[in-house]
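Residue numbers (our numbering), protein chains in the order written: chain B, 424 to 975; chain H, 172 to 266; chain D, 2 to 239.
To be clear, the hints were calculated from the coordinates, so they are not data collected in a lab. Ideal placement from N, C-alpha and C gives every residue a C-beta, glycine not left out. Accuracy of the hints is not assured; some may be wrong.
A short list of chain D residues far from chain H (calculated; beta carbon distances all over 10 Å) [unchecked claim]:
1) Pro15
2) His19
3) Gly48
4) Leu75
5) Gln98
6) Asn144
7) Leu229
Pair ranges (Cβ atoms, derived) [unchecked claim]:
8) B:Val731 - H:Gly250: 25 to 33 Å
9) D:His19 - H:Val181: 35 to 43 Å
10) D:Leu120 - B:Trp911: 54 to 62 Å
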Amino acid sequence: METFVPPVPSRINYLNAQYGLKSWLLTKDHKRIALLYLGSISVFFLIGGLYAMFIRLELLTPQADLLQSTTYNKVFTQHGIIMVFFFLIPSIPATLGNFLIPMMIGAKDLAFPRINLLSWYIYMLGGIVTIYALLAGGVDTGWTFYTPFSTTFSNSYVVATGLGIFINGFSSILTGLNFIVTIHTMRAPGMTWFRLPLFIWSHYATSLIMILGTPVIAITILLLAFERLAHIGIFDPAVGGDPILFQHLFWFYSHPAVYIMVLPGMGVISELIANFSRKNIFGYSFVAFSSLAIAVFGFLVWGHHLFVAGQSLYAGMIFSFLSFAVAIPSAIKVFNWTATLYKASISYDTPMLYALGFIGLFTIGGMTGLFVAALATDVHLSDTYFVVAHFHYIMVGGTLLAYLGGLHYWWPKISGRMYPEGWGRFAALIIFVGFHLTFMPQFILGYMGMPRRYHVYPPEFQVLHVLSTAGASILGVGLLIPLVYLIWSMRYGKIAEGNPWHLPGLEWRTQSPPPTENFEYTPIVTWEAYEFAPPEEMQVVGKFRNEVVERS
Amino acid sequence: MSEHIVSRNVYLIIFLSLMVGTAITVVAAFQDFPGPMNVIVAMTIAVVKATLVVLYFMHVRYSSRLIWVIVASALFWMGILFALTLSDYWTRGWL
Amino acid sequence: MAESYAVEHEASHPGLQHHFANMEQQREAGTLGMWVFLVTEIMFFGGMFLAYTLYRSKYPEAFAVASNHLDIKLGAVNTAVLILSSLTMAMAVFSTQIGRLRAQVVYLALTIVLGLVFLGIKAVEYHEKYVDHLIPGTLIPGNPFNPHLELPTGVSMRHVEMFYWIYFAMTGMHAVHMVIGIGIMSVLLYFAAKGRFSPEYHSPVEVSGLYWHFVDIVWIFLFPLLYLLGRHLGGHAG
């Protein structure tokens, strides 16, 4: 009986396997594509952040003294479009998902590597078209493009921007398609569904939403564009059309889109909580199924954006009830994460700080969602800053924090270097404080009646706006810090071993950075997810070893 | 190869059924049926034709359960889009 | 102590991509991928079918009048053409599966020809609409919607125009998909003529067939919904 000798890890990894621009721009390696996305997504985040800066600067004073009204309309519209379509939707799936999914399931790559590269090029094309539209004069309809303003009355680059978003949608669809097929067909031997990391479950659920929802926004944008260009359409009351049909079609995608934004974040948080507590997630199958439940239920609630738009009251009641129901699977996740922390061996490294922040901020965001899901209170709160605060708690407090936490957690795997832990924790705290100071006052502002999308307001709201802008500055500084030290670490950071955190996940059982084909040999999985062994049994310093714990 | 190869005869039978279905639907279109029956007849024939194409030309009859689930889910999701949107329009006059 | 490695020894088919373990996995992934893509297409067309359903239920008489001016003969012929092309497509896949590579090439070519016939008939129909000033809005600048139609009382010309907008949007989008399909078939024909496909490796033909059949199914619904909705109300043929 021959003994199998694991191979000595090579110094070649996916970063140095090939050099040159062509090797990056024509790569089929999912890890390189993930880095291409990381770069472009960061650029779009900066652009969206600049728009946010202008919004907060303008809102420092009750008068319209920084920007004209149309300009202000363009600024908040473009902030929304860039952040939603070009940052939040692709962020975690296209960077962390692309990088990690094949590794976590023991595959060499995604099912369709060339389609993966194509999805990045489509993303860039959509981004360039949108940036062109912004530079040419911008769009002022709100990121929601409501008709008839967008079809008939707006004098801005609606069609060009719409085209950019339409193109970008294909990137999303192809990514989701790739993930679904990969997870179904390319799991390593022994990697059953219920041994998958929860990161995979949540990305699978996200991909379902991408596949089912994105085509509807695609046709909606096309119909909007044709209506604007050809002066005939199905949203125009003058010909018997209904503007609310646009809202139905728009929100059929855009509500599930917010779950596209947050579900991958939840997957990251499951990983962070389990791994930094050295404990299996409490109720693994509940968390797995809740991801699917969120994906399904998320498609049933879009009418809660139309409560005050003229939708029938009876439909409103149905949607309100369903909106309460969709909170349940999210709550299940929060309870299970918290239960995981109980009596766990917690290490407060930077990724864990982001995860803990996520749980708190996402809970606040989710609970405030109930206020707007209830018909009566929504009449008061709709189109106020309360809604703005609600979704920023989830998008920034949730998704962005999860993205940063995941980036830090997997940074050694991606780059082969550790980030500086002290600076990491410092930045996380600054971001947390800055975030609260920015958005907590906005709940109060909204409750007091401050409408969204206005830049002129009664003077008694100014104190809260000043607090919010101060918070935004702190948040902005906090976000720049990781940008600096992560780039710094690529050259000067401490060199990371294969499994610097000493964790059981499959992605940690190969060197850091990984070789192009991820593993020296196809793994055969015989362990459950999050099976933690005592530290002395975990010796994976750049080597590939079986880590089954003998059970008596 | 673990796939089932559908025979040429099956394809011909399905093709003829589809042509017959088309003829029937055209003839039925000119008959004035009571109430909403015209559209019900037309849609039923269309659904039958589409089902034949899906099951036999697209081999779903011989495919894995996963494919069945995917086809069913797509139709279900289109159903959600229709049902909940129309629930708004068809109840607007109620209040 | 469980083994934790699998050592790959398989000699591989030239069509096997390096990240797949074997041809079966590759075929499964390809088929699943195309079905997932078709789901997106169903939802894409679904939005337009929703708009159609909504406005037909709101303006039934206007839609009936408008529909009766579509050419039912050409529409029916087109339906038959597409169904026949689905047969030839299925036969192309079948031929590849049993190794009849000459027949495969012939059937693929026939499918393309039938697709072009469909588009040709569509072009004739669109031209007829242009001549009758039935093109809505400013789609053709300088040629506004201005047909000589007798409308029953209570029927608004604007709702008739709405029907034609939906007609052009849906059949136009369908035609775009036909063009893409013909493009895909042409690429397939090229490789089939070079002998690329075989009983062991025919998944691209099968998967493209799925796309083609889907486009056929969309038309199976478009034809009765657009062409046949008002015929029983005394609509004249063509």
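Which hints from the list above does the structure break, by number from lowest to highest? The structure conflicts with hints 3, 5 and 7, although it agrees with all the remaining ones.
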